[in-house]
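A.B. asks: Given the sequences, and given the hints that come with them, work out the whole structure.
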Amino acid sequence: MSQAEGVLRRPRPLWSLGLLRSEITTTFRRWRTLALLAVLAGVPVLVGIAVKIETGDGGPGGGGGQGGPAFISQVTHNGLFLVFTSLAVTLPFFLPMSIGVIAGDSLAGEAHGGTLRYLLVAPAGRTRLLLVKYATTLTFCLVATLVVALSALATGALLFPLGEVTLLSGTSISFGEGLLRALAIAVVVALSLIGLAAVGLFVSTLTSSGIAAMATTVGLLITVQILDTIPQLSAVQPYLFPHYWLSFADLLRDPVYWDQLQKNLGLQALYAAVFGSAAWARFTTRDITA
Amino acid sequence: MPRYEPTEVTGETDGGRSPKRRKAVRYAVPVAVAGVAAATIGLVPAFAGSGSPDLPKISAQDLIAKIAKSDVQQLSGTVRVSTDLGLPSLPGGMAAGGFGGGQGGEKGGHGQDGASAAPQSKLMELASGAHTLRVAADGPEKQRVSIVDKAAEYSLVHNGNEVWAYDSGSNTAVHSTAPDAGRHGTHKRAPKGLPGDLKNATPQDLAKKVLQAAGDTTSVTVDGTARVAGRDAYQLLIKPKQAASTVGSIRVAVDAANGVPLKFTLTPKSGGAAAIDVGYTNVDFAKPAADLFSFTPPKGAKVVDGDKQRATAQREHGKRFKDFGSRKDAKDLRKDFGGLNVIGKGWTSIATIKGAGGGLPSGKDQATAGDAGKFLDSLGEKVSGSFGSGRMFSTRLVNALITDNGTVYVGAVDKQALIHAADAAK
Numbered sequence: 339m340s341q342a343e344g345v346l347r348r349p350r351p352l353w354s355l356g357l358l359r360s361e362i363t364t365t366f367r368r369w370r371t372l373a374l375l376a377v378l379a380g381v382p383v384l385v386g387i388a389v390k391i392e393t394g395d396g397g398p399g400g401g402g403g404q405g406g407p408a409f410i411s412q413v414t415h416n417g418l419f420l421v422f423t424s425l426a427v428t429l430p431f432f433l434p435m436s437i438g439v440i441a442g443d444s445l446a447g448e449a450h451g452g453t454l455r456y457l458l459v460a461p462a463g464r465t466r467l468l469l470v471k472y473a474t475t476l477t478f479c480l481v482a483t484l485v486v487a488l489s490a491l492a493t494g495a496l497l498f499p500l501g502e503v504t505l506l507s508g509t510s511i512s513f514g515e516g517l518l519r520a521l522a523i524a525v526v527v528a529l530s531l532i533g534l535a536a537v538g539l540f541v542s543t544l545t546s547s548g549i550a551a552m553a554t555t556v557g558l559l560i561t562v563q564i565l566d567t568i569p570q571l572s573a574v575q576p577y578l579f580p581h582y583w584l585s586f587a588d589l590l591r592d593p594v595y596w597d598q599l600q601k602n603l604g605l606q607a608l609y610a611a612v613f614g615s616a617a618w619a620r621f622t623t624r625d626i627t628a
Numbered sequence: 098m099p100r101y102e103p104t105e106v107t108g109e110t111d112g113g114r115s116p117k118r119r120k121a122v123r124y125a126v127p128v129a130v131a132g133v134a135a136a137t138i139g140l141v142p143a144f145a146g147s148g149s150p151d152l153p154k155i156s157a158q159d160l161i162a163k164i165a166k167s168d169v170q171q172l173s174g175t176v177r178v179s180t181d182l183g184l185p186s187l188p189g190g191m192a193a194g195g196f197g198g199g200q201g202g203e204k205g206g207h208g209q210d211g212a213s214a215a216p217q218s219k220l221m222e223l224a225s226g227a228h229t230l231r232v233a234a235d236g237p238e239k240q241r242v243s244i245v246d247k248a249a250e251y252s253l254v255h256n257g258n259e260v261w262a263y264d265s266g267s268n269t270a271v272h273s274t275a276p277d278a279g280r281h282g283t284h285k286r287a288p289k290g291l292p293g294d295l296k297n298a299t300p301q302d303l304a305k306k307v308l309q310a311a312g313d314t315t316s317v318t319v320d321g322t323a324r325v326a327g328r329d330a331y332q333l334l335i336k337p338k339q340a341a342s343t344v345g346s347i348r349v350a351v352d353a354a355n356g357v358p359l360k361f362t363l364t365p366k367s368g369g370a371a372a373i374d375v376g377y378t379n380v381d382f383a384k385p386a387a388d389l390f391s392f393t394p395p396k397g398a399k400v401v402d403g404d405k406q407r408a409t410a411q412r413e414h415g416k417r418f419k420d421f422g423s424r425k426d427a428k429d430l431r432k433d434f435g436g437l438n439v440i441g442k443g444w445t446s447i448a449t450i451k452g453a454g455g456g457l458p459s460g461k462d463q464a465t466a467g468d469a470g471k472f473l474d475s476l477g478e479k480v481s482g483s484f485g486s487g488r489m490f491s492t493r494l495v496n497a498l499i500t501d502n503g504t505v506y507v508g509a510v511d512k513q514a515l516i517h518a519a520d521a522a523k
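One line per chain: the protein sequences are A and B, in this order. If you want the numbering used here, it's the position in the first sequence, counting the first as 1, plus 338. If you want the numbering used here, it's the position in the second sequence, counting the first as 1, plus 97.
In short, the hints are calculated from the structure, not lab data. C-beta atoms are modelled at their ideal positions from N, C-alpha and C, and glycine is treated no differently. Misleading hints may appear alongside valid ones.
[As the list claims (entries may be wrong)] For lysine to aspartate or glutamate, the following EDC-like pairs were computed, each having C-alpha atoms within a straight-line distance of at most 16 Å:
#1 B/K247 x A/D592
#2 B/K396 x A/E502
#3 B/K405 x B/E259
#4 B/K247 x A/D597
#5 B/K239 x B/E222
#6 B/K239 x B/E478
#7 B/K512 x B/E478
#8 B/K247 x B/E222
#9 B/K117 x A/D625
#10 B/K154 x B/D320
#11 B/K163 x B/D329
#12 B/K154 x B/D388
#13 B/K120 x A/E392
#14 B/K247 x A/D566
[To be verified] Between beta-carbon pairs, the in silico distance windows are:
#15 B/V169 x A/W596: 44 to 54 Å
#16 B/A136 x A/Q600: 15 to 25 Å
#17 B/V122 x A/S360: 26 to 36 Å
#18 A/P461 x B/N379: 47 to 57 Å
#19 A/I362 x B/A386: 36 to 46 Å
[As the list claims (entries may be wrong)] Per the computed footprint, the stretches of chain A lying under chain B, defined by three or more beta-carbons under 8 Å from a beta-carbon of chain B, are:
#20 508-521
#21 525-532
#22 555-563
C.D. replies: Right, here's the structure in full:
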């Protein structure tokens, strides 16, 4: 009976859930997606092994706090810190790059493969298709982050002891609470990527070449990351989407420091609104010829 | 190919408008969103900044009394510190108003492990750039200051006679004992320096220091009102009357309700951005949670005995550095330092350190030319007067003259005043 209703002009919300489900399955069945996830899962393993080898003979010295990614000196004491280190390592580049690939490919890839018009034949409407594509990308953000976190947790548990977690403020919390904070951090990291996902989606509506869209999104990401490090641009930097990315570490302070976290989420929402609506404006008025 | 025209799309009926017009309307949406966001970002701080609340008039005298009377013991909040002294490597002692010429040398001298967690070197970082601090205080016995860094934090916890410093970057905790009453002994520096420096980070003590310096050399007025950290505040405007001072003005925003200084801004005479800007971005006068002030070194952290470390450091570096250690204010310095002299008074005080035997290593290095001398040449500008010749090092606030015979003149005064002082000493 739902099929009968599906033919009507106003499909039930369930229908778009079906569309979303099929989109997600298609995306996650692609070899490209799996390869991206495999690379992401490999990063924590590499970091973990590197730290293990480095500190293996020298004892649990911690190896000095200077240099290296955040939290790395803590990893030897507590495997859970590998989760934080891995997220800090992958967040500036690996994670957003894979988001850029998925988001850039979302519509432009379909257009390039000539399948976009078939998608539009279905009575879903362009707005709905766009939303489904965006939701798929966001799902990938979450999955990718969780893959990094879980892989790091597994590696950390295998190579290093687990136990009480020392927060940045020097307070110790139980391992269970530490796990909860790790999960919260993974979610915040995933949310940090929604701005970039919207940018990628917008770029994807501009062209009919999947490769071009991916390259543009990733190029844009690198450019913005570079701009974010130039001190002369400090006036603009608070409005660049990666600016507050590392604020997820604020969840590890004793009274959690919400200021930057809020700024980050607000900024991501703003980027999602601006570029999401730009993508909508472009996609719903565009001539689809492929 | 009408089949692919967007107007054909199901569920997107839009009346009889032309596709072109519809396109324009749709593109207006993201533009509008971006515009509203930009307007909000641009206007909200502007409104917040111009919001000067209506408060009953108050004289400068009363306002200062209000500050002095203020007995707020409990507060927690976030402090934003930005310093722009014009020379990033400048020792931080100057930021606190003292003549901390020795701090830089001291910092360099202590290049041993554990130093990264030592309070002195960490607090020195506050002397340049922008930092966020979280402060909490509950009476004179319990204070906590955390320097919030990117993915790292540095905490100082003072509870009774225990002082803990924890550096998350190196996972090191430094433990020291605060003095009960005694001021002397070899451990003088840490316990004294610690709580002192700790308090320097809050606007209260900076303001207090300034008020002490006021006299007939200073004009103190109330200059309107402001909103700081969401609270109504009076603005105290402090201006040096002496023309040679490099300090343009100092503004202290004082909470109208309880007299707590909320913001401290020091603008150099040369204009531009504030040289020192310390202010609460949010503040709460409720009693902070008690567990904020209890610190147990986390498992796996390296614990350094701060008292012992300091004692060995002093032994190693000998007397020279011991003198620097007790930098507290000009008075202490004068006592400890044979060659130090303060000329003038008020804002135009100039500290003179007699060369050669004195403690400033740069004075000697420079005299012996070589690479160090060349390096100094690149930093300082050559000046000469009837005193002979020397090099002038200048920043936005503090100028220093090192004469060729090694005497150092330092002060928050313009270059001419330093040369005059040198001439007069001749």
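A.B. asks: Taking the hints in turn, state whether each one holds.
C.D. replies: Hints and how they fare:
1. B/K247 x A/D592: Distance ~15 Å between B/K247 and A/D592 Cα, so the pair holds.
2. B/K396 x A/E502: holds (8 Å)
3. B/K405 x B/E259: It holds: about 15 Å lies between the C-alpha atoms, which stays within 16 Å.
4. B/K247 x A/D597: holds (13 Å)
5. B/K239 x B/E222: violated (23 Å)
6. B/K239 x B/E478: violated (47 Å)
7. B/K512 x B/E478: At roughly 11 Å apart (the allowed maximum being 16 Å), B/E478 and B/K512 satisfy the hint.
8. B/K247 x B/E222: holds (14 Å)
9. B/K117 x A/D625: Status holds; Cα separation ~12 Å.
10. B/K154 x B/D320: holds (10 Å)
11. B/K163 x B/D329: Within the cut-off at roughly 14 Å; holds.
12. B/K154 x B/D388: Answer violated: B/K154 to B/D388 is near 41 Å, above 16 Å.
13. B/K120 x A/E392: violated (59 Å)
14. B/K247 x A/D566: Between B/K247 and A/D566 the Cα gap is close to 14 Å, so the pair holds against 16 Å.
15. B/V169 x A/W596: 44 to 54 Å: violated (24 Å)
16. B/A136 x A/Q600: 15 to 25 Å: holds (20 Å)
17. B/V122 x A/S360: 26 to 36 Å: Once the Cβ atoms are compared, 32 Å apart, the range 26 to 36 Å for A/S360 and B/V122 holds.
18. A/P461 x B/N379: 47 to 57 Å: Distance hint for A/P461, B/N379 holds at roughly 52 Å.
19. A/I362 x B/A386: 36 to 46 Å: holds (44 Å)
20. 508-521: holds (count 3)
21. 525-532: Check failed, 0 qualifying residues.
22. 555-563: Violated - the stretch 555-563 of chain A has 0 residues with a Cβ nearer than 8 Å to chain B, which falls short of three.
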